[in-house]
Every structure is written in structure tokens, then in C-alpha cells.
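Trainee: What follows is each chain in one-letter form.
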Amino acid sequence: MNESSDKPSIEAEIDAFRDKYRLVAEYFQNLKTEQRWHTQNDVCFTHEGMTVREFHGLSDNRSTPVLIVYSHVNLPYVIDLNKQHSLVCRLLETGHKVFLIDWGEVNSEARTRDLSVYLHDYLDNAIDCITDRCGTGKINLVGICQGGTFCLCYASIHPEKIRSLVTMVAPVDFHAGESVIWKWARKVDFSVLEKTPVNIPGSMITLFFQSLRPFDEMMRSIQLIQNSDLLENLGFTALVDQWVLECPDQPGKAFAQFMRQFYQENKLVRDGLELDGHRINLSNVRCPVLNLYAAADHLVPPDSACALRNHIPKEKYSEVKYDGGHIGLMVGSRAHQTILPRMAVWLASSNHR
Amino acid sequence: MTSFQTDPFSKYLYSGAFYIQAINSYRLVSEWLVNEEPEQRDALQSMIKDSWLQTAMNAYSSPLSGMGLPNTLMTQANNPPKIAGLTEMLTRIVPQITSEIIDRVSSHAGDTLTLQDFFEVWIETFSKAHAKLINSEKFIDCMTEFINFSIKASVEVMKDTEPDNE
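These protein sequences, in sequence, are chains A and B.
When you line the first sequence up against the working numbering, it's residues 1 to 353, in that order.
When you line the second sequence up against the working numbering, it's residues 1 to 166, in that order.
None of these hints come from the bench; they were simulated from the model.
Note that the Cβ used here is the ideal one computed from N, Cα and C, for glycine as well.
One should not assume that every hint holds.
[To be verified] Covered stretches of chain A, as calculated for chain B (at least 3 residues, CB under 8 Å):
| hint | region |
| --- | --- |
| 1 | 16-24 |
| 2 | 187-193 |
| 3 | 301-310 |
[Said to hold, decoys possible] Here are the simulated DSSO-like pairs of lysine-lysine, each with C-alpha atoms no more than 27 Å apart in a straight line:
| hint | chain 1 | residue 1 | chain 2 | residue 2 |
| --- | --- | --- | --- | --- |
| 4 | A | Lys-316 | A | Lys-161 |
| 5 | A | Lys-195 | B | Lys-152 |
| 6 | B | Lys-138 | A | Lys-183 |
| 7 | A | Lys-321 | B | Lys-138 |
| 8 | A | Lys-183 | B | Lys-152 |
| 9 | A | Lys-267 | B | Lys-128 |
Same shape as in the complex, but just chain A (with noise of 0.2 Å):
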């Protein structure tokens, strides 16, 4: 190797690098990334603090409607960044009418709220009112993350309400591959946090999830620097960007609840997890269900989603893969361009069935 000769590409490399940041630097300080949702939407329902979103496009009718439920743990309007990247608007675009639980801020009187409020009576609350505004008697339920495992515990208490279910990056088996959070959270005394309820910071969570992969993180961005001459994507990360660093605070009780019956106890797999007198078994879930996980999900791992296929009725259980991780699958191109109005298409046969 030439050192005379390599040196002066040194420098221009990082000359180069240094005016792309400057250009990445220049556009985050005059970015504006205050409208949170693409497409034009109302609130038709509030619950102490609970909203349910109608989305506004051109649906079928006769369609049964799909609610989305989103996790607790990050914000719900990553599923409508944008025309190219939204759920909601794969779903419109199938013709279906688009419904979304908002769980609403949480505050001091969300501290002592009991997991089994979030988890049955909003849920329910929601689904009725919904149920009832679009003159259906069942739903078509798509659960997101720690949201599908709330939908596949509300389908196991009220299958009848049910016409169909999507899971999405679900946990169901919370000791299956093993996941990081798992092994973080499994030592933790969370009696203490139920006992005397303390809402939950949501920029620690973000910390959290961010400390997990440092790495790649940084390998992501310097991969954004480089092509910052690409604007759109630019945008488009920016907004993807700050929805990650935006994680809600969590509820004191219902956080401490979720983690040790949920996380230590895997309950949901072994049974014997009970939510208000509801017990919850997964094979009462009689519905289709479509579960979609990712290959490299580093924070559900397709272990612990695809566990779902050892409750579910063969006839009625389907799954799909997405290569990609756990974000992907909501938002990147690929799950747009293929796997979402896949399963856009597979919820509007699920209607005449």
C-alpha cells in the first residue's frame, strides 16, 4: 500500500463525509416533522383519555371494519408516515374501513390503572363502539407488537366479536429465542412498581431500546450521511427517526403487570394468566388468524411470534415471513410493496368466509 498516495484520499474521504453532514446537519435544523398522521383522520369515540381514530378513504361499505392496535410502548403513528410507508393506507386502499385505539396520555391517574383496563375494558369499549357505528356485529382485529398480544388475549375472552385477526411482530412465547428484553427483565423485582405504582419515563425506555444496539444504530445513520444527497429518504428517515426517539411513559402498574405475568411467567403460553376474572387461553381464539414476523426481529424473535402457530386450529392459522427486522415490517418498502396488501387482501377475504 502507498502511503503518498493514500493519504490525500484519506482526507478527501472525510472532507467528503464532513460537507454530507453538514448537508444531514443543515436539513434536521430546518425540519418541520409536526403532522403526525398522513392520512385525514377524526376521533369518533373517547374513554378516559382512550380515543378510537376513523380513518377517512374510500371503503367498501359492506366491509367489516379493522381496528389496529398498536403497542403500548411506542406512539401509533408510525403505521401513517407516509402515502408510500402507511398500513393505513394499504388497508384503504383494499377498501377497508380503518379504525385505530389511541391509548392516550398517561398521566397520574394512569399509574395504578390496572393492565386488565388497557387490555379488556378500552379494548372492548372500543370494538363495541366501533361495532356499532358501522351497524357489524364483529371486527377484524390488526395487533402490532405488544398490541397483538393484546388482541390474541381479547379474542381468547370474546371469540364471538371477532371475524378475523392479523398479529404483527407478536410476542406469544416470551421465553422462546431467548430476546434481550427477556433476559434484562427476568431478575427484576416489579412487585415493588405494583405495589406502589410509579409511571414508567418513556425517554428511559427509548434509552433502553436505543442501548441495545448501539452499533447499528451508528451504522444506519453513517449509511443515511452518506447518501444524503438522496432528500426523500433523508425525510422519510427523519420521521422514522423521531417517532423511535419518541416512546410514551408507561403506565406504573399496568408496565409492572405486563412484565412479570407476561415476561417472567410467560403466562400467556402456560397458562393461568387471568385479566379481571377473564381467564385467557389461547385456544379459545376460533377466528383466522394471519401472523406476520420478522426474521430478524432482535426484539421479538420469530421464535417467540411463530409460537403462535402451536394454539392456533391448523385450518385456521396462516403465517408470512417478512426478511427484515421488527421496524421493517411496518415501515419499510419491501413490507409495503409486498406483504402488507397481501395482507390487506387476505383480511377482505376473511369477510366472506
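Since the structure of chain A is already known, use the hints to place chain B on it.
Mentor: Frame of chain A; chain B shown alone:
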């Protein structure tokens, strides 16, 4: 619990600095592959160590230094968990990381090692070491201690400020 500031741009700031550090290390490696001077190898080891510790500590220092607790509480608390244990764990891996990077780039002696090749080695080695670390029992015990401490201390604050809510 108090909240931390999360700035959307700070990670680009850190990432940019990390990349510049990698490029500077590449410069050193390029020279060392030609000259094989021991001082250059020492300087490279020192750069690898700095880059690893800065990035890893940056990922953990803010959550672990206080776990969202007010500073006054951290200083008043009896036996708060020490971050030194974590620093020690991160430092202990340094020789393994440096030798892996040096072994891998050494195979390019007499060949052209591009910046892209070098950066792949650099980031892959760090990522692998980090994944191994966060899955180790010792690290998990350290995290558990911090999280348990944080929960208990926050609950104590709650009891002091709102005794009726216990």
C-alpha cells in the same frame, strides 16, 4: 421518575464523530500495514479502545448514571449501584476487540485494504462484542441491580411526596 432528553439529531452527531474516528484509524492501519512499526500498532490499539468505550458508555451512561432519578436522590441514597462495574466490563473486552480487528486487517498485508473493508471489520467487531456483552450474566446482573434500585428509589420518592398513594 424524571425524564431524559432525547435529541433526534444527537445520534448523527455521535455517529459522524465515530466515523471520523474510524477513518483516522484506517489511516493508521494503512501506515502500519506498510511499516509495521510497534508505535503505530499501539496508537491503533489506543484508538480502538477509545472508540469502543466512548460509544458503549454513551449508550449506557445516561440511563445507568441515574436511571432517571434526581441527582440529589442518587447522592443521598445508601449504596447506590456503581457504574464502575460496567466500565470495568467494557474495558475487559478491549484486548479481545483490538486483537480481532488487528488480526482481520493483518490478512490484508500486501493487499489493498479499502476504507469500506476496514469500516466493515471495525463495526462488525464492535457489534459482535456488544451483543455478547449484553447477553452475559454479569452484565444482566449489573442491569438488574440498576433497574431494581431505580424502581425502589422512585417508589420511596412517591411515598414521601404522596403518602396516601402507597
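Trainee: Tell me if the straight-line CA distance from Lys-321(A) to Lys-138(B) falls inside 27 Å.
Mentor: Measuring from Cα to Cα gives roughly 34 Å; hence the hint is violated.
Trainee: Straight-line Cα separation of Lys-267(A) and Lys-128(B) no greater than 27 Å?
Mentor: violated (32 Å)
Trainee: Check whether the Cα positions of Lys-138(B) and Lys-183(A) lie no farther apart than 27 Å.
Mentor: holds (12 Å)
Trainee: Is it true that the CA of Lys-183(A) sits at most 27 Å from the CA of Lys-152(B)?
Mentor: holds (20 Å)
Trainee: For the pair supplied as a hint, Lys-195(A) and Lys-152(B), is the alpha-carbon distance within the 27 Å limit?
Mentor: holds (11 Å)
Trainee: Taking 8 Å as the C-beta cutoff, is the stated coverage of the region 16-24 of chain A by chain B satisfied by three or more residues?
Mentor: Three-residue rule met by the region 16-24 of chain A, so holds; n is 4.
Trainee: Go check the region 301-310 of chain A versus chain B for me, would you? Three or more residues, Cβ under 8 Å, otherwise it fails.
Mentor: violated (count 0)
Trainee: So if I understand the rule, the pair passes when the alpha-carbon distance is 27 Å or less; does Lys-316(A) with Lys-161(A) pass?
Mentor: At roughly 16 Å apart (the allowed maximum being 27 Å), Lys-161(A) and Lys-316(A) satisfy the hint.
Trainee: Establish whether the coverage given for the region 187-193 of chain A by chain B is satisfied; the threshold is a Cβ-Cβ distance below 8 Å, and no fewer than three residues must meet it.
Mentor: Coverage by chain B holds here, the residue count being 6 at a Cβ distance below 8 Å.
The structure fails hints 3, 7 and 9 (numbered hints given earlier, in ascending order).
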